[in-house]
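Asks: Below, each chain spelled out in residue letters.
Protein chains: 2
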Amino acid sequence: MLADALGFEHVQIVEHHFTPYGGYSPDPVTFLAAVAARTREIRVVTGAVVPAFVHPLKLAGKLAMLDNLSHGRLDAGFGRAFLPDEFAAFQVPLSESRRRFAEGVEICRKLWSETEVSWHGDWVSFGPVTLLPRTVQRPHPPIFVAATTSPESCAAAGRAGHHLQVVPTVTSREGLQEMLAAYREARRAAGHPGEGRIQLKYTCYLDEDRSRALERARRFEHNYIAKMTGAVAAWGGVRSDDYPGYEQLVEKVRRYDFEASLAGNKVLAGTPAEVTEQIATVREWFGAGLSVCLQFNPGCMPYEDAERAVRLFAAEVAPAFPATE
Amino acid sequence: MLADALGFEHVQIVEHHFTPYGGYSPDPVTFLAAVAARTREIRVVTGAVVPAFVHPLKLAGKLAMLDNLSHGRLDAGFGRAFLPDEFAAFQVPLSESRRRFAEGVEICRKLWSETEVSWHGDWVSFGPVTLLPRTVQRPHPPIFVAATTSPESCAAAGRAGHHLQVVPTVTSREGLQEMLAAYREARRAAGHPGEGRIQLKYTCYLDEDRSRALERARRFEHNYIAKMTGAVAAWGGVRSDDYPGYEQLVEKVRRYDFEASLAGNKVLAGTPAEVTEQIATVREWFGAGLSVCLQFNPGCMPYEDAERAVRLFAAEVAPAFPATE
Ligand SMILES: [Ca+2]
Ligand SMILES: [Ca+2]
Ligand SMILES: [Ca+2]
Ligand SMILES: [Ca+2]
Ligand SMILES: [Ca+2]
Ligand SMILES: [Ca+2]
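Residue numbers (the numbering used here), protein chains in the order written: chain A, 1 to 325; chain B, 1 to 325.
Next up, chain A with everything else stripped away, as it sits in the complex (with noise of 0.2 angstroms):
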């Protein structure tokens, strides 16, 4: 694959149903397994897998396969999920989204380190038996968790010793900084080894030729929020303590702001010394040890400029960052 004969450090795919909002995507699994077996170098990341919607003894069987399949490279991002009609149509209450991401988390964790592994929790009991096949990465691949706007889901992922993976385009500069003052400080203090991981998620738009990336840039921020638009709709009608402020993201998404997310550095758009400047300033503001993963294709961008895109990021932009891309 492309991204892999570059040198890029990952590919990540996430999980969504029923919308066109998250790239025809109900299994990321799947879709990384046959990364994998095209694949050497490059890390397979899940950008989330959703615990809610899956039971547990599956959803490490098949994180289990995929870490043999890849000789190891996989990342196990796990998501709560956030869009009401998924949650409807797999019959889970939203107010049951934080424990059962916590307790699907929790036992995939227990099935990769030990064997005879028996659990008796809220919505799953079962044991004890040993998942097959065990990890390549011992203990465990490392697990990363993925927060959008809350401190304290960042502060639990540190002291629970899980890595990080955050959206920058929700929430601003500060809020994040806060964010991830919250996780690194839980995690030091939780007395993990390792400062934690840390990714990034940006939609990049790249060309030789300024104006032709701002131009595809707004076409196609425009169709990406435009499905997200009808992603979160039913938010308009429901409230969830699990969710605090998710009644307003419909509002929010209504009011995205294209030129104000690129000066805010929430999007990456311009030319090989622009996104350059734009990561350089990331990291400066959040850390220079974080990952910072770019979608090079949202909105059903051609896939042919998003392979150009690709291409140029790997030839001029990319040596700039040595250590993390």
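Which residues of chain A face chain B? A few of them, derived with a C-beta cut under 8 angstroms, are: (1) PRO26; (2) ASP27; (3) HIS55; (4) LYS58.
Reference listing, derived: stretches of chain A covered by chain B, where coverage requires no fewer than 3 residues with Cβ under 8 angstroms from a Cβ of chain B: (5) 86–96; (6) 124–132.
None of these hints come from the bench; they were simulated from the model. C-beta atoms are modelled at their ideal positions from N, C-alpha and C, and glycine is treated no differently.
Following the hints, complete the assembly by docking chain B with the ligands onto the known chain A.
Replies: Frame of chain A; chain B with the ligands shown alone:
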């Protein structure tokens, strides 16, 4: 992949949990996505996935992704599963197995072939939703039903217009002929077009040298049966109306006799000429239109031995059966 290059018709994998029996495969779709990514012609066959252990929305979604990743090469085989330990871990009563299976298969069929699907059944309720991605094969990928010993199950599959997967090891020649007759007759009576596809699964031990083939067959068949004994042990203490006769499975497995199986063409073993003769015989018994599915690496056979047998089969057995291999 080797099997693709050698012109085999399909590659198939089962779903089993927590036991070396079944090949460390808690999620067939994950494995087959990797196979699809490295092959061009060969069909990818779930043999089978188990609807009882996964939400049908999730199962339909990942099988649709696999049909896309393989550019329309998916044969979707569904099984009821039969190991009490698996049902216990997933907290699904054996007594619900038959109805959950039927509901899961029908939901997949509807989600693949229709849009705006609603379902209000005994276990799941949703809709209207439109599954994404849409399947490449229209109206849907071929649906296979795994049948074990009951002519009634085969007749049900025929009535529904599904295709059939059978493991001849566990039934007599006459029993299997009765099953296939029930399938074909029900299918015809219901007015479904075509004959219906039938996949028969055999273990296969092949060597230019007869005694080496048989020695290997005895040894690995013994390993395979030993693992199966562990996997089915729970049937010693369980009875279910959904699984009539399964309480005798422990005893049946204990009485397994390799020489009798070989003589009855339930296991294929010997020189290319001998295995060719065995396949000709089972096609004579059961119908020339069926597909013979061979497992070349049962009982943890070393990969090199299995690879040698696969190559030998392609070179010296397959040419005798040009239509179906
Ligand atoms: Ca690299
Ligand atoms: Ca998944
Ligand atoms: Ca989330
Ligand atoms: Ca062929
Ligand atoms: Ca599966
Ligand atoms: Ca079955």
